[in-house]
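Asks: Take a look at the letters that make up each chain.
2 protein chains.
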Amino acid sequence: MKIAVDAMGGDYAPQSVVAGVERARDEFKDVEFLLFGNQAQLTELIKDKERLTIIPTTELITMNDEPVKAIRKKKDSSLVRAAQAVKDGAADALFSCGNTGALLAAGLFIIGRIRGVARPGLLSTLPIISGQEGVFNLLDSGANADGKPEHLYQYALLGKYYAESVRGIDNPRIGLLNNGTEPHKGSKLTVAAHQLISADPSLNFVGNVEARDMANGSCDVIVADGFTGNAALKSMEGTAKGIMTMLKDAIMTSGVKGKLGALLLKPSLMKLKQRMDQSTYGGAVLLGAKAPVVKAHGASDARTVYYTVKQIRAMVAGQMIPKFTAYLATQQSREDS
Amino acid sequence: MKIAVDAMGGDYAPQSVVAGVERARDEFKDVEFLLFGNQAQLTELIKDKERLTIIPTTELITMNDEPVKAIRKKKDSSLVRAAQAVKDGAADALFSCGNTGALLAAGLFIIGRIRGVARPGLLSTLPIISGQEGVFNLLDSGANADGKPEHLYQYALLGKYYAESVRGIDNPRIGLLNNGTEPHKGSKLTVAAHQLISADPSLNFVGNVEARDMANGSCDVIVADGFTGNAALKSMEGTAKGIMTMLKDAIMTSGVKGKLGALLLKPSLMKLKQRMDQSTYGGAVLLGAKAPVVKAHGASDARTVYYTVKQIRAMVAGQMIPKFTAYLATQQSREDS
Chain A
1 MKIAVDAMGG DYAPQSVVAG VERARDEFKD VEFLLFGNQA QLTELIKDKE
51 RLTIIPTTEL ITMNDEPVKA IRKKKDSSLV RAAQAVKDGA ADALFSCGNT
101 GALLAAGLFI IGRIRGVARP GLLSTLPIIS GQEGVFNLLD SGANADGKPE
151 HLYQYALLGK YYAESVRGID NPRIGLLNNG TEPHKGSKLT VAAHQLISAD
201 PSLNFVGNVE ARDMANGSCD VIVADGFTGN AALKSMEGTA KGIMTMLKDA
251 IMTSGVKGKL GALLLKPSLM KLKQRMDQST YGGAVLLGAK APVVKAHGAS
301 DARTVYYTVK QIRAMVAGQM IPKFTAYLAT QQSREDS
Chain B
1 MKIAVDAMGG DYAPQSVVAG VERARDEFKD VEFLLFGNQA QLTELIKDKE
51 RLTIIPTTEL ITMNDEPVKA IRKKKDSSLV RAAQAVKDGA ADALFSCGNT
101 GALLAAGLFI IGRIRGVARP GLLSTLPIIS GQEGVFNLLD SGANADGKPE
151 HLYQYALLGK YYAESVRGID NPRIGLLNNG TEPHKGSKLT VAAHQLISAD
201 PSLNFVGNVE ARDMANGSCD VIVADGFTGN AALKSMEGTA KGIMTMLKDA
251 IMTSGVKGKL GALLLKPSLM KLKQRMDQST YGGAVLLGAK APVVKAHGAS
301 DARTVYYTVK QIRAMVAGQM IPKFTAYLAT QQSREDS
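Residue numbers (full-length UniProt numbering), protein chains in the order written: chain A, 1 to 337; chain B, 1 to 337.
Don't read these hints as lab results, they were simulated from the structure. Don't take each hint at face value.
If chains are identical, the list can't say which one is meant, so a pair holds when it fits in one copy or spans any two.
Unchecked claim - Computed list of lysine-lysine pairs in DSS-like fashion (alpha-carbon distance at most 27 Å, straight line):
1. K73 x K185
2. K248 x K259
3. K29 x K87
4. K273 x K248
5. K74 x K290
6. K185 x K69
Computed from a prediction, not measured in an experiment: that's the story for all the values here.
Using the sequences plus the hints, can you model the full thing?
Replies: What follows is the structure, encoded as structure tokens:
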């Protein structure tokens with residue numbers, strides 16, 4: 001398989017991108033990489049050119065660029081050229097650590113939607129925060145600010161296919177993010193979405209889930225509109241970061257006794273920090289596009305890039321998109337006949 | 001001032017309610033209490049009847065009752081009778097630790113809205129989670145699942161009056177919960193709300209705030225629709241609780257060395273736990289009702305009850321509602337002329 005990489009996107013690009021890609025290339029012998037970016041910089045950084053092709057580009061989309069405009073104007077940017085390669089069939093997936101909006105726009109307008117998908121959604125992988133270990137998926141975590149019931153129903157289907165083919169979960173448990181657990185609870189949007197999702201017997205729908213219980217391990221996939229999903233996700237991130245800061249401050253101001261205590265407790269605290277560390281969980285995926293379109297966060301280091309490539313490989317190898325496309329086609333022909 | 005107390009609502013009622021009310025009565029000499037509930041139980045629990053009147057009631061609204069129906073049918077419940085006392089002018093505020101939906105219904109349908117308020121919203125007080133200490137207010141944290149731009153604008157006004165008159169903050173900083181910081185970002189709802197709020201020069205509007213930064217101390221009041229506000233609030237609560245559990249588990253499985261470390265670090269960990277403890281921050285307030293309608297959580301102990309009474313006293317003494325009512329009346333007469 002071939003992955004098209006926007007080598008210039010991200011705070012530490014192209015260094016961290018190249019380093020992460022080389023690590024992944026060494027481990028995954030079935031993956032080839034097309035690296036789009038500044039030829040001189042990439043040539044200097046790359047240690048070994050095996051299964052790794054530089055495609056020179058001259059433009060760069062920055063974090064400050066207006067997404068849709070950037071995609072239209074910067075035709076020779078590393079991102080647009082990488083997306084174009086996927087559209088043309090020269091690569092199987094698109095990967096970037098750059099401007100999220102621009103990557104979503106490239107996914108929607110260059111690579112395009114799967115026929116029958118109304119609104120692709122962004123799927124995030126997050127740690128379970130409770131006694132047990134593991135992760136869960138949340139989608140839409142921010143692609144569409146104004147969701148409709150049919151979109152949420154499709155997210156449930158897309159989430160099911162992702163959890164099955166990428167995470168290897170049999171009959172994944174799907175929950176709907178809501179403000180109460182009873183089926184009649186919620187906004188107009190979630191009440192209607194609940195009806196659509198619960199009416200599909202192919203889904204292992206566990207019902208409404210409150211944001212408080214989102215990360216407790218009771219669901220494999222949580223479905224939300226992009227605005228609420230984004231708020232719940234960022235509230236989780238901000239709270240986790242804030243508590244870790246408060247814990248650090250508490251230790252730093254605790255005197256000799258407290259510092260000694262922290263030293264003795266260090267292995268446990270590191271384990272906790274590791275559990276919360278999202279860099280090993282892979283990037284956010286625009287589900288519903290014709291190919292995997294994956295975004296790792298802007299501050300990604302080589303390790304995050306490596307893990308995101310691993311995730312993309314699982315998506316391609318697990319045939320998630322062909323399977324989902326075939327499923328939708330069957331549904332449509334059934335409706336047509 | 002007089003506070004009407006639903007003495008039977010809550011997991012530990014009436015014991016914890018009576019104990020908390022007696023503590024508050026001893027401290028706040030200007031407050032009288034009307035305790036609505038089972039006469040025999042209350043008589044047995046009360047130690048000192050000073051400024052404390054039992055109003056016997058025979059019915060009880062449970063956590064499982066359907067709110068609006070319960071309000072209509074259980075006319076002699078402690079909650080309905082307490083709300084009726086506020087409506088009739090026999091008390092200045094309503095307090096309950098019972099069924100939230102029923103309390104909101106009692107606030108809306110028995111006590112009623114301030115003239116000109118479209119949709120009362122629920123205001124919560126939450127800890128700042130970062131280097132600095134303090135609290136912030138979030139509203140609507142869950143009264144209305146389907147918000148409109150005008151509702152969010154009124155929440156900004158209500159939040160301003162609350163922060164000024166109850167928390168004593170001069171010109172409080174108001175933020176709008178959104179999925180990005182730029183003014184054009186957001187859902188249709190938040191883009192329109194941003195325009196309304198930023199057009200009012202009486203508001204110290206700091207703009208959009210992402211859920212990640214909600215609790216970092218940059219705002220005194222965060223405005224949101226009730227569905228998103230609820231998701232952000234519960235995600236914060238769930239994450240904080242989950243991390244504390246994980247921290248405890250990490251310590252418990254860390255062997256002798258780790259446990260010794262935790263012992264040395266105990267004062268710091270307790271300080272952290274205290275900062276996260278919401279029981280001292282007061283209850284959730286239905287802002288926009290004609291009197292303070294305040295809900296402490298179901299599991300409230302005497303301490304939480306005491307702090308919630310303290311908050312209600314500040315609302316009544318600070319004249320928040322008369323001031324806000326007068327402000328709205330001025331606005332309306334200006335519009336009419």
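Asks: Checking K248 and K259: alpha-carbon separation at most 27 Å within a copy, between copies, both or neither?
Replies: Classified as both: same-chain Cα gap 10 Å, cross-chain 18 Å, threshold 27 Å.
Asks: Can you tell me if K29 and K87 fall within 27 Å by alpha carbon in one copy, between copies, both or neither?
Replies: For K29 and K87, only the intra-copy Cα distance (24 Å) is at most 27 Å; the inter-copy one is 75 Å.
Asks: Quick one: K273 to K248, C-alpha cut-off 27 Å, is that within a copy, between copies, both, or neither?
Replies: Answer is both: 12 Å inside a copy and 13 Å across each meet the 27 Å cutoff.
Asks: State whether the alpha carbon distance between K73 and K185 is at most 27 Å within one copy, between copies, both, or neither.
Replies: Close across copies (21 Å), not inside one copy (45 Å); limit 27 Å.
Asks: If the cutoff is 27 Å on CA atoms, where do K74 and K290 land: within, between, both or neither? Let me know, please.
Replies: within (22 Å within a copy, 57 Å between copies)
Asks: Since the copies are identical, ignore which copy is meant and state whether K185 and K69 lie within 27 Å (CA to CA) inside a copy, between copies, both or neither.
Replies: Result: close only across copies, 16 Å inter versus 40 Å intra.
Every hint, counting from the list given before, is met by this structure.
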